[in-house]
Structures are given as C-alpha cells and as structure tokens.
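Colleague: Model the placement of chains B, C and D on the given structure of chain A, informed by the hints.
Residues per chain, in single letters:
Number of protein chains: 4
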Amino acid sequence: MIVIMEHDATSEQVDKVVKFIEKQNLKVQINNGETLKVIAVIGDKCNFNPNLLASLDGVREVQKIQEPYKLVSRISHPKDTIVKFPNGVKIGGLEKPVLIVGPCTVEQDIEGLLKVAYAAKEMGCHFLRGGAFKPRTSPYDFQGLEEKGLQYLAQAREKTGLLVVTEVMDTMDIALISKYADLLQVGARNMQNFKLLKALGRQKKPVLLKRGPAATIKEFLLAAEYILSSGNPNVILCERGVKTYDTQFSRNILDVAAVSIIRKYSHLPIIVDPSHATGKKYLIEPMSKASLVAGAHGVMIEVHHNPDIAMCDGAQSLSVEQFKNTAKVLNKLIGRIDYDNKNL
Amino acid sequence: MIVIMEHDATSEQVDKVVKFIEKQNLKVQINNGETLKVIAVIGDKCNFNPNLLASLDGVREVQKIQEPYKLVSRISHPKDTIVKFPNGVKIGGLEKPVLIVGPCTVEQDIEGLLKVAYAAKEMGCHFLRGGAFKPRTSPYDFQGLEEKGLQYLAQAREKTGLLVVTEVMDTMDIALISKYADLLQVGARNMQNFKLLKALGRQKKPVLLKRGPAATIKEFLLAAEYILSSGNPNVILCERGVKTYDTQFSRNILDVAAVSIIRKYSHLPIIVDPSHATGKKYLIEPMSKASLVAGAHGVMIEVHHNPDIAMCDGAQSLSVEQFKNTAKVLNKLIGRIDYDNKNL
Amino acid sequence: MIVIMEHDATSEQVDKVVKFIEKQNLKVQINNGETLKVIAVIGDKCNFNPNLLASLDGVREVQKIQEPYKLVSRISHPKDTIVKFPNGVKIGGLEKPVLIVGPCTVEQDIEGLLKVAYAAKEMGCHFLRGGAFKPRTSPYDFQGLEEKGLQYLAQAREKTGLLVVTEVMDTMDIALISKYADLLQVGARNMQNFKLLKALGRQKKPVLLKRGPAATIKEFLLAAEYILSSGNPNVILCERGVKTYDTQFSRNILDVAAVSIIRKYSHLPIIVDPSHATGKKYLIEPMSKASLVAGAHGVMIEVHHNPDIAMCDGAQSLSVEQFKNTAKVLNKLIGRIDYDNKNL
Amino acid sequence: MIVIMEHDATSEQVDKVVKFIEKQNLKVQINNGETLKVIAVIGDKCNFNPNLLASLDGVREVQKIQEPYKLVSRISHPKDTIVKFPNGVKIGGLEKPVLIVGPCTVEQDIEGLLKVAYAAKEMGCHFLRGGAFKPRTSPYDFQGLEEKGLQYLAQAREKTGLLVVTEVMDTMDIALISKYADLLQVGARNMQNFKLLKALGRQKKPVLLKRGPAATIKEFLLAAEYILSSGNPNVILCERGVKTYDTQFSRNILDVAAVSIIRKYSHLPIIVDPSHATGKKYLIEPMSKASLVAGAHGVMIEVHHNPDIAMCDGAQSLSVEQFKNTAKVLNKLIGRIDYDNKNL
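Protein chains in written order, with the numbering used here: chain A, 1 to 344; chain B, 1 to 344; chain C, 1 to 344; chain D, 1 to 344.
This is chain A alone, in the form it adopts within the complex (with noise of 0.2 Å):
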C-alpha cells in the first residue's frame, strides 16, 4: 500500500499519517519526491482499511499495490483448476473446450428442448443448458417456467447423458435448482449480489459465474473470490461481453482479451458466451472460434429447435441445422488448438 501526500502536506500531518500506521504493527518507508512525498506501508495488510488513511489531512490518495484477491490468483495457486463433473468431464487447464448449448429458456413445448438436445449430442457437446428462472429486464416479460423448466431438462439429461446448467437467481432457490442441475450458473446481473455467492459457496455443485454487464476483471476475479472463500473451489468464468455506447451492431463488446488475462492471472477456467455478448446469429461462429485461439475453456452457444418463435433472444439463436454447421467448424478448430496452442 502506498499514501501519496498533497503537495502541500505538513510535515505533522505526515508524522499523523506515519504514526497511524505504526500503530497498526506496520512498517513505513517515506519517500520524499519532488513536489509530492510518497509513504510505502509494508506488513501484512489483509486486515487494514485504505480508507482509514485516505482520509487523514494532507493525503491526496492511497493505492493498492498487493493483488486484493487471493484463492482465485494464480500467485497463491499457480496450477490451473480443472473442474470436474460425476460423468468424468472436465474444464479447465489444458483440457479439450468444451461447448455448452441451449436455448436462452426452457419452453412450454418439451420436444423441442430434446430436439436441441440430441443435436448438441450428436456434435459431441456435454452440457445443455435452458433458463427455467430467467432473469428479465422487464417484469411484463416471460419469466421461466421455474420448477416445471428444470424437470424438462432433468428428462433431456436421462435421455442423452448431457450435464444440465441453469441459472440460479436467489439464495432460497438454491435447493431447488441443485436437484436437477450439475452446474448453477449466476448470471451477470447478479454477479455482485454477494449473499448469493457466499451461499453458492457453502454448496458443493460447481458454479459458472458469468462477469457483470460492466464489471472490471477484478471485479469479477472479486466476485469469484467470494465463492472460493466461502469454500467452494469448482468455479468456472464465464466472459460474455461488456456495455459501451455501441449497441448497434453487436449488444455488447465482447473482451476477448479478457480470457487470455484471466489465464494469466487466475487458475480457474474460463469459458465465453458469443451469443449474449453480440446478439447476432452471425457473429456467434467467428466469436467462438476468436475465444477459442484465445484460449478459451469452453463457448457457450445459444440454439432454439425454431428462433422464429422463441420467447427469448430468438434473434441470437441459432437454429438446429445452423447450430450443427457452427459446430463442425467449432470442433475441427478445437482438434487443432491441442497442438498449437500447448503452451497457451
């Protein structure tokens, strides 16, 4: 941590600001520059509030230097987590990707769900995923089918052996959902809605935790943080896209970046979801394969047996037949990525 003074601090605020920390069994190093003085705190700082500093007189600011999360950083944990599920899939590390499909929410008409079910099958996926509570912008739009929707998954999973992820949107469904599904996804409007991640910590279902709409890396990082801290190590990330002033063309901005950053930094996976970060049929196929040689765990594709008359996002669907052509293309690439990209 380091406390910049103001350029005309006094000498006493100073000696105010040095002590102050002293008291707290940390040491101080000043540094006296040119028209600003600089003072390095060093110790073990876990417990210490910046804000107790930055507001004595005379400070202008306080930075951070050590790194605020710690379980998810690849400092503390160097070796990447592979998240693994009953049937012996895994995600993470140099694992093959994986593709995650469904449609954005489960529907009324069953048959259809197992349509795109058996698709997803057919091209070697392992997860489906479906919204049975949907979180909606508005309160006058379709809101899921709640329990209804993830018995419908629950028979699409008997029937093809895919894992089921689903959206969990508050701590009193977490029971519920954890019946049928085998990764519970939090979604990016919740992904700083802390009592949801401290109590998906105390559960034992691994969690996709896709990054907030505006959220920073670190923020998500953060977000993750609270899960891992609460006790639960199978985090998955997922990058799905960042709000700017351009919506014209795609919803959101997707950083792919982000996933080679969060390589980097965090052991944990990271997978990207094309679909709701562009909204576009058309960019789906490009995005993933761009998030694939990126280094990206997994995509996770929206398909609706028929987006003409789908609830929800039918715009970004795509449909079955397009879906399988996506993934032909998808799983040629990924056959590759294991060669090239051995030392991602």
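Because the hints were derived from the structure by calculation, they are not lab data.
Hints are not guaranteed to be accurate.
The list treats identical chains as interchangeable, and a pair is accepted whether it falls inside one copy or across any two copies.
Stated by the list, open to error - As a list, the in silico DSS-like pairs of lysine-lysine whose alpha-carbon atoms are at most 30 Å apart:
#1 K23 with K79
#2 K280 with K96
#3 K280 with K79
#4 K281 with K79
#5 K218 with K204
#6 K27 with K84
#7 K70 with K280
#8 K27 with K280
#9 K324 with K79
#10 K16 with K70
The model shown is predicted, which means the values in this text are computed figures rather than measured ones.
Modeller: Here is chains B, C and D on its own, set in the frame of chain A:
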C-alpha cells in the same frame, strides 16, 4: 420514422406536424393509441432531418415506440407520487427536499452513531442511514453488524425521532430488516436482482432503489416497475453516479441530468447520493447543491463521527462538524428552491 | 514514479531496474512488501520515459505519481487565471459567470443571427457563438458557410458589441478565423488534434477548449497544457458531456462535478455547454443552474431564431423567447452566487 | 416499427414477414426504396416482440432507417475493395492477410530500425510502420523526428523492399509525408479531424484509418465515408481497441467482433492493431490470432530492436526475437485460414 406526440398534444399541434411531413412529399398515418398519439411517416426519408420534427410543439420524441414501463411512467400516472411516512414526513412532488444522513456502515460504537443522529436532528434532517448488511466488492472487507446494527439504528430512532434507512441484500433478510427500518434500500449492485425487487413489491415498507453503476435510465425505471407491478407503489429512486473510464478524480460520474429527466418521465420521487457518486468529501456540497437546483427531492450524505477511523468509505464521509456546515448551506438553498422552482 | 515488481521477480531483475534508474541520475528507494517489491524513483522525472522501465523483465507496473501537467495545475500556479477581452469582459476566478449564446451554425439568413444577437445583448450577455466551419459526423451534413459565416458574425458584433466565439478545425484556418473571432473554439472531436493545439498556443487570441466526448479530466488538462506550453496562457475549458451507454434521454452525460474538480486542480476558467451535452431543450435551464452552483464560470447555450428550421441541432436549440425566459432565471441565480459562493 | 429487409431478400421472404405481422392483427405498409425494401408495421405493438421478426429469413434489421453512409456500405458496393500497392501487394477481400511491423516511433538510431525491417522481411512481411510525427497525450513526451524520420523509413524501404506506413497529423504535412510513405495513417485521436479526412480524400495514396478510442462503428464508417466521398477509394480500416472503465490489465478493450461486423456491412479492408489495443506484449499473439480467425485482413504489430530503451510504448513492443516467434505462429495460422475461411 415514427413521431410520438406528447400525451396532451392539441389537435392543432398534430395538424402542424402532419402538414409539415406532407410538405416533404411523405405520407402520414396516425395511430391513436390508448395513451399516446403516434404519427408514422411513410416514404423516402433520406434527405429528411428528424430534428425538424423533434422541435415542433407537442412532439415528444421521434423514432421510438411506446415506453416499456407503464406504472412508473408519468403518462399513466400524471400526478407526482408522494411517499408518506408514519410520522408525517413526505418525499416527492413539491414537498421540501429531505436530507438523509449517516455513516456508510453501522459500527460497534453506538455512541458514534448517536452523535451523528443528534447532529442530523439538530440540523432539521428527517432520516438516519446506516448499513447493517453491507455489499462489499471484496469478501475480505467488513460485511456489517447485521441484526445488531439494526438494533443500534432502532435505538437511534427512539432517541431522535429520525426515520431509519438501511439496505436489504437478500430476499431472506426482508422480514428481519422490516422490523427495524422505515425505508428499505436496494443497493446499486442489486438494482437488477429481480427476485429481491419482486419480494419488496409484495411488502408494505417504502423502498429506496439505487441506480445500478452502469444502468441506463430505462433499465432503472424498469427495475422500479418490478416493485410497483408487484404491489408496492412507494418507491423512491436514487441517482448515485455512473461508471465510466474516468475514475481519477471522482469514483463515478454523477448524472445530475437524470434528476430532471426522471421528474419529467416518471412520477416517482428522485434523490441523489453525492457521497458514493464522487467518493470525495469536497464534492459533496457542490454536487448536493447542483442536484437540488436540478429538482432532486433529497440528498443522501455520508457522515461519520470520526471519518479517520471509519471501517468503510471514510474518505468520502463528512465529519459531524463538516456536515453541520454543509447542512447550513443546503438548508438555506432548500429554503429558496421552494420559491424559485415552483414550475419545475 | 513507482515501479512495482512481479511477485516472482528475481533479485537480479530488481538490480537491473535499480541500475537503470540510477543511470538516469535519479535516486531509488526499495520497499519490500509481503508479496510485491516496490521501487520508488526520486528526482526530476520530466525527461524520463516510464516505458523504459515498464518493459524491463520482472516489472509488473509503473505508476506515475507526479502530475503530468505543470502549467495548467494549481500547484505551479495557485492564483486563478482570468481571461480578459479587449472590451473589458473577464472570464474566470471570482468574476461573474458569463452567458455565451447563439446558433450552432451560422446560416444564410443574417437577419436570424441578428435577432438572436440582439436578444443576447438585451439579456446582458457578452458573447455570441456560431459555427462557420462545422465538424459533422457525416460528410453529407451541412459543413458551414466558412468565411461568409465569419463575416456575418463580425457584422453582428458591430451592431451589438457582443464578442464572437467560433470554431477552428484546422491549422490552415487559424489566420483567417482570427481576423474575425474574439475567442477561438476547439471542438470536442479535435481536443487531441495536437498540431492544432500547438498552433493555437503560438498565437494570441484566447482559446475555448472543449472536452473530448470520451476524454478523462487528465487528458483534458493535458490538451490545455499543449496550448499553454506553446505560449498562450489564455485558455478557457468547456465541459460538454461524456459519452456513455445511455443516450436515450440525454445525448451525453453532463459531468457537472468536472466543474468543481477543475476549479480545485487547475487555475483555468471552466464553462459548461448544456445544449450539446444533453441535446434536449428542457434540460438546458436545470443543467445551467446546476453548473453555475457547482462553480462554472459561464454557460454556453444554443439559441436559434427559428429552431424548427435550423440546419443543425434544431432539436436542442432554444427559441429567442425560450432563451429570454431562461436568461432571466440564470441572471437571477448568478446575482445570488456572488454572495453564496464566495468560498468556492 | 420498421422492418428493413436484406437488399437481396426474395419476395417469398417479404411475403412471410408480411403474413407474420398481419397474423398479429397489425397492418403493413411496404416501401420499395432504391436499395432496401422497408416494411412499416402499423398498429398497437405493446405485446409484440421485435425478435420474432428479426429472426425471420431475409430480415436485416428491425426499427432502423437507412444507413447514413453510402460509399463505404456493402449495399452500394457489394464487391470487396482490394487496395493494391505499386509492388503488387494487396490488402482486402480474400487476399492473404498481411503483417505490418515496426516501432511505434522512428528514433535517432537508424541501425535499430533496419534491424527490425530486415527481420520483417525475413518473416515474409510486406509493410514497415514507424511514427515520424507522433501524437502524444502530453506535450512533454517525445514528438517524433519529423522529416528525418521519414527519410530513415525511406532508406529502410530501399534496403528491404518493404512498403512504408506512417502517420499524418495535419493537413499541412500531407504533401511532405506523401513523398516518403506508401500508406498514410490517420491516428485514432484524429479519426474525426474532418479537414484532414477530406484532404486525404483529395490525394492518391491509400489511407489507413484507425478507429477513434471511443468511436462507434457507425462513426468509424462515416469517417471513412469522408475520405471516399472526397475522391479516394483506397481506405483500409484499423480496429485498435475501445476505451472503457477497465484499464488495469489491457489499455483498451479490443473489439474483435468489429472485424466480422465491418466485413459484413462494408467492402473496405479491416486490419487490427493488438499492440495499441492492449498495451501488453503477452496479449499480442493471442489477439492477433483471434483477429485473424475473425476475418482481419492484417495485423499491425509493434516491434523494437531494443524495447527496454524505446522512447515510446516500449512496454508493448515485441523484441526482434519475440516478433520472429510470433510471426512464425501467425504465418502458420494464415496458411490455414485461406482454406478454412473461404466463405467468411
């Protein structure tokens, strides 16, 4: 192109718009909606400037469809909502703006809280704020005193008569917090926690809804719509700054214009939190003044009995002495606004 | 300057960094943190490039501590700059805020321009604005009357005594525009046209520098530094809104706090342009009031003699009648600010 | 609501859209524009989801009017523009992607520049980049060698046969720089320097136009439209990252999807600059790969003979050795793309 007329546009104004369009060799089709008259412009619009229409009298907007929020909109509910508290205090409409005052977090030292509460009372404020359940970006930061904090707030109310404002982070905590608080706050990071919004809509206490750090005004109003559409009409909105690429001098950019915009398009009260928006003590007073002249129904100011040792956000908290000076300035301004702002 | 080493930096790497710094005749101070080593660089760093350090092996990050702008900073120049015009009008410091009024673009109809100018004069304003060279996002939009527009502005000055403000878009036009204008405006999109800034620094007319649509306050101040460091101390800054993801109700988000921030950290005058910031007539008056109570040295308001037929930005222009009403309100507020804001 | 059909939509597709709308009890009006068929939807659309329409075959977009750019649009010019250089090198269409390589800034030491140029030549690259006139945020940073830098670049071209790319900052420098350069670069901060764009449109050398740090894709295409509409069809676009609230790990967020978007909506070539976008050496290779699989016509990579002492952006420059390794990987990928990406 679609021209939406103000809901109280006169037929002369509509005629003027129609003639204007027809003079450009464009055809017109008028749709008399339930609440809004909409004029569709048909033909080749290449050389036609929408601003020509946007500035005609009676024109509300060009090129947009109906607002997706109904209950929070001034169209469906032209009269200001005024939220009334049991002790007669009111927020909204042309009522005198209120000051909501207190520490970011309720701490172990109840004497400190009481010191702030007495000062607030002395300066004529009506609300005491303080967090008992705290949303923190890092799991290693102090998370609040929980029920003990609520009890402290209730004690302060007993001694001063101030109304208590505190944050609810999870549906499971609503019952507990409602026992103690007069106004239930939804934090910025939970603005789209839709389960929480619905649950708050099903109970009776008024709700203070903070704008998400990257929420558009439309998303903000739709979040309020969740509460209203679940049965609770007593929602107070709170602008608290918008996340941008510039964080060096101010944590967020305070969107002062949002106050004027929301007063035009919604009937709900809107207050401002300059402390969290800027994170800087010296900006609290000028930004409070700016918000009040823009039409805010109140401001929420962080005050700590000893900011140097605050466990959270000390750098942005006023001391009791600083608060009294600022309250004097704001009370004087508020005294004048009643007169100046009559037509706002 | 502070150099933060990677957590696994070797002592050889640290040594190399230290030697490198010492070779520049700078001193070094090493702080051994728990997880990260930090090296402070002490001395005059004006001519020293941080990238030299950032690319050495083992370096994680280089942080500049010293403010990069010198001439615009209040540290080097504590007294307010007050820009004085030949007719005695002043902008800055504790001078009475000014109103700058006029159409976005000077059009063929000089009578319209004169109508606005007379109204401005009548309301006690000192400046007439109007674009003769127009930066337009599309090449198919009207690009301005060029010299003819300048002549019209000069005629309006002759008749009313108002000072003329107009935009310079290119170094080649400076000589021509200087013959007609009293205050040379740099548009938001040219804020980092460094050749233009330097050329404006080498001439004598005062410069009105608008903040770029996505410029940080630091970048804004550094752009002003270009003009001052080239020899011209008479720069007036202009806040005009910041580009964000919300454009539905206001074109940009007006950063009112930037006014208070710039008054604290720089001695240069700062005015506000609520017309371009919001793009909405009804927001001009409340945002002007908000800016003035936050400490703005002036506001720039678009007024058109007939907004319905304006060639540019008609939707955001006040009519002459609307302007007079707003000017009345603002003049009254300005009358009071002198008294209230003494200590700002 | 307005439905814009693809320019090659069949009449069957139009019929399907019309029937779909009429089934919702809405009326339809078809406008056969010069280039696009537009279907206006008339009636109460409250309960009607635009996604239902957006996903029908042949539908380009819902709710928007005609594109404001004409010459850069694929609608008016369906065939890819391929920019050809005197030595036969081509950029665009299905041509093999190019590598543009060199230091950020041309420095005093010409031997260093030549070392980079020979390495570029050795790896099969066709372009050498280097700044002689440098736009720098601070006036105290090195501003470039100016004409001497241009001469150095020309010498490197003579010795290696590489084509020279360098930046033009001002209309007054175009004639001088054209004498030396093969491709004239417009920097990100000048993307909306409209006078410069027009002047570059009136000369013959191809132009490399970088996207502004906060420019939307529409603004980017409109900036290119300025050059084309002034007479120069040879424009190459360059994506270089977008300014956001997250700058900790990557200077900007690289908008990889912009590549695919621009290839769909414009015929102009589009390349990517991962060095400036990310500012991090380790991200250059993965982001180059991601850009190429997304369809980029080239990547621009900063290489310095000795990054540790570079006067500008050393932290993001590859050394010659690092560059050779990356070029090997990219050349291998490019070899495969021809085969894989045929239908892009």
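Colleague: If you test the structure against every hint from before, which numbers come out violated?
Modeller: Violated hints (numbers, rising): 1, 6; every other hint is consistent with the structure.
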